[in-house]
Amino acid sequence: MMAEISAKKKLHIPSIAIWVVVLAVLGLAAFGLVRVNTARPEPGQRAPDFTMQFYEGYTWNGQSSASLADMRGNIVVLNFWASWCAPCRVEADLLEQSWRKYADQGVVFVGIAYSDVEPKALAYLREFNITYPNAPDLRTRIAEMYDITGVPETFFIDRNGVIYEFHFGPIDAARLTTVIERMLAEG
Amino acid sequence: MNRYLVWLLRYAWLLLLLLATPAMAQEGGRLVTDDEVNAIAKELYCPVCESTPLDVCETQACADWRELIHAKLAAGETRQEILAYFGENYGDRVLATPPARGLSLLLWVWPFVAFIGGALIFGRYMVNMRRAAAASENEKAMRETAVSYPIPPTKDPYIARIEQELKGE
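Line by line, the protein sequences give chains Y and D.
The letter at position 98 of the first sequence is residue 98 when you use our numbering, and the numbering goes up by one with no holes.
The letter at position 99 of the second sequence is residue 286 when you use our numbering, and the numbering goes up by one with no holes.
Simulated from the structure, these hints should not be mistaken for lab results.
Any given hint might turn out to be false.
[Said to hold, decoys possible] With a straight-line cut-off of 16 Å between C-alpha atoms, the simulated EDC-like cross-links for lysine to aspartate or glutamate are:
| id | chain 1 | residue 1 | chain 2 | residue 2 |
| --- | --- | --- | --- | --- |
| 1 | Y | Lys-120 | D | Asp-343 |
| 2 | Y | Lys-120 | D | Glu-254 |
| 3 | D | Lys-259 | Y | Glu-118 |
[Stated by the list, open to error] Here are the simulated distance ranges between beta carbons:
| id | chain 1 | residue 1 | chain 2 | residue 2 | range |
| --- | --- | --- | --- | --- | --- |
| 4 | D | Asp-222 | Y | Ser-67 | 24 to 30 Å |
| 5 | D | Glu-223 | Y | Ala-123 | 33 to 39 Å |
| 6 | D | Val-219 | Y | Asn-129 | 29 to 35 Å |
| 7 | D | Thr-246 | Y | Ala-174 | 28 to 34 Å |
| 8 | Y | Gly-27 | D | Arg-330 | 23 to 29 Å |
| 9 | D | Gly-305 | Y | Ser-64 | 48 to 54 Å |
| 10 | Y | His-12 | D | Ile-346 | 23 to 29 Å |
| 11 | D | Glu-223 | Y | His-12 | 54 to 60 Å |
| 12 | Y | Ala-174 | D | Trp-297 | 27 to 33 Å |
| 13 | Y | Ser-64 | D | Ala-262 | 22 to 28 Å |
| 14 | D | Gln-267 | Y | Asn-129 | 37 to 43 Å |
| 15 | D | Tyr-345 | Y | Ala-30 | 42 to 48 Å |
| 16 | Y | Leu-28 | D | Thr-246 | 17 to 23 Å |
| 17 | D | Trp-297 | Y | Ser-64 | 36 to 42 Å |
None of these values were measured; they are calculated from a predicted model.
Glycine residues also receive a C-beta, built at the ideal position from the N, C-alpha and C atoms.
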């Protein structure tokens with residue numbers, strides 16, 4: 001009799017169901033919080049991989065889409081920008097000139113347009129005669145992975161896909177050249 | 188001379204109207220008001236500033252987005268299509284009303300789960316309370332009608348202990 005009562009107590013289904021639902025909701029909320037609070041990858045850490053759909057005319061190796069992993073073996077200068085961002089205009093010409101200078105040394109410049117409107121982004125690329133690969137940040141997933149706090153921001157990624165340096169704000173010629181030359185020297 | 192001038196103006200106006208019609212058709216064929224743009228912009232958030240609705244934000248990014256809404260409305264797209272475009276391209280976080288998918292689904296499901304859970308707990312509490320009241324009534328009635336008789340002493344020490352504890356000894 002007592003054993004039956006205790007078995008009934010142990011299998012109280014409504015209570016179990018409520019606890020399962022509460023725990024599931026809490027678990028999902030925790031997962032969401034962890035995902036939202038992604039920290040910016042620091043130098044020495046592996047660069048988060050992502051796939052990009054390039055703007056027409058701004059492809060890489062003739063491919064309309066590529067992932068960062070596809071670029072492994074190259075030094076990647078990953079630049080976040082937007083056509084509405086005034087400081088981005090300061091560095092736009094420098095980035096293009098540097099791309100032309102280092103393109104044949106295994107350095108790939110990649111522009112990621114953050115929260116931009118395609119016609120405006122394309123007009124910006126044409127205005128600065130930019131020729132290096134550029135892609136929109138669809139659903140701002142790449143910006144979230146790299147936890148950018150604004151534009152422009154630039155990540156230098158080495159040939160093994162590891163973050164080498166990070167630069168916040170518009171970059172100047174001295175800094176850009178120094179970092180790329182150092183990366184090239186280190187192989 | 189004046190008659191010729193009036194005639195010329197009349198037909199020049201007609202010619203201008205005829206030329207303007209295909210141009211309007213090419214642009215989508217309908218005029219879009221700022222109110223229409225703002226009605227949709229109100230349902231979106233600025234991608235740069237935190238928690239600022241698109242219709243009141245003064246950044247260039249938002250001005251570009253409003254321009255895009257204008258172009259899409261002129262092209263005949265519906266409110267739903269435009270909002271879906273922004274969600275697809277800039278992420279659900281720019282939508283004032285998050286769609287019921289992914290983690291946003293929690294926001295939609297949680298109030299119902301909480302309501303059902305609350306109703307179950309409340310229902311259970313009420314049932315228990317009623318049972319307790321009924322039991323108390325029964326006990327009272329039994330006491331009133333009870334005939335006292337000696338309870339035979341039990342030999343089981345466990346039952347004896349329970350009885351002792353029930354008596355509060």
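I want to verify a distance hint. Is the separation of the beta carbons of Ser-64 (chain Y) and Ala-262 (chain D) within 22 to 28 Å?
The hinted range 22 to 28 Å holds for Ser-64 (chain Y) and Ala-262 (chain D), with Cβ atoms some 25 Å apart.
CB-CB spacing for Ser-64 (chain Y) and Gly-305 (chain D) relative to the 48 to 54 Å hint
For Gly-305 (chain D) and Ser-64 (chain Y) the Cβ distance comes to about 52 Å; the hint holds.
28 to 34 Å was suggested as the range; check whether the CB atoms of Thr-246 (chain D) and Ala-174 (chain Y) agree with it.
holds, 31 Å
Cβ distance range 27 to 33 Å for Ala-174 (chain Y) and Trp-297 (chain D), holds or violated:
violated, 53 Å
Distance restraint evaluation - Trp-297 (chain D), Ser-64 (chain Y), Cβ atoms, bounds 36 to 42 Å
holds, 40 Å
At the C-beta level, are Tyr-345 (chain D) and Ala-30 (chain Y) separated by a distance inside 42 to 48 Å?
This hint holds: roughly 46 Å between Cβ atoms.
Hint check: Lys-120 (chain Y) vs Glu-254 (chain D), CA-CA at most 16 Å. Holds or violated?
Judged against 16 Å, a Cα distance of about 11 Å means the pair holds.
Beta-carbon spacing of Glu-223 (chain D) to Ala-123 (chain Y) - inside the hinted bounds 33 to 39 Å or not
violated, 25 Å
Are Lys-120 (chain Y) and Asp-343 (chain D) close enough, with their CA atoms no more than 16 Å apart?
Not satisfied, since the Cα-Cα distance of roughly 90 Å exceeds 16 Å.
Hint check for Ile-346 (chain D) and His-12 (chain Y) - Cβ pair distance inside 23 to 29 Å:
Holds, since His-12 (chain Y) and Ile-346 (chain D) (Cβ atoms, about 26 Å apart) stay within the stated range.
Tell me if the beta carbons of Gln-267 (chain D) and Asn-129 (chain Y) are separated by a distance inside 37 to 43 Å.
holds, 39 Å
In this structure, is the beta-carbon distance linking Leu-28 (chain Y) and Thr-246 (chain D) contained in 17 to 23 Å?
violated, 33 Å
Violated hints for the displayed structure, listed by number in ascending order: 1, 4, 5, 8, 12 and 16.
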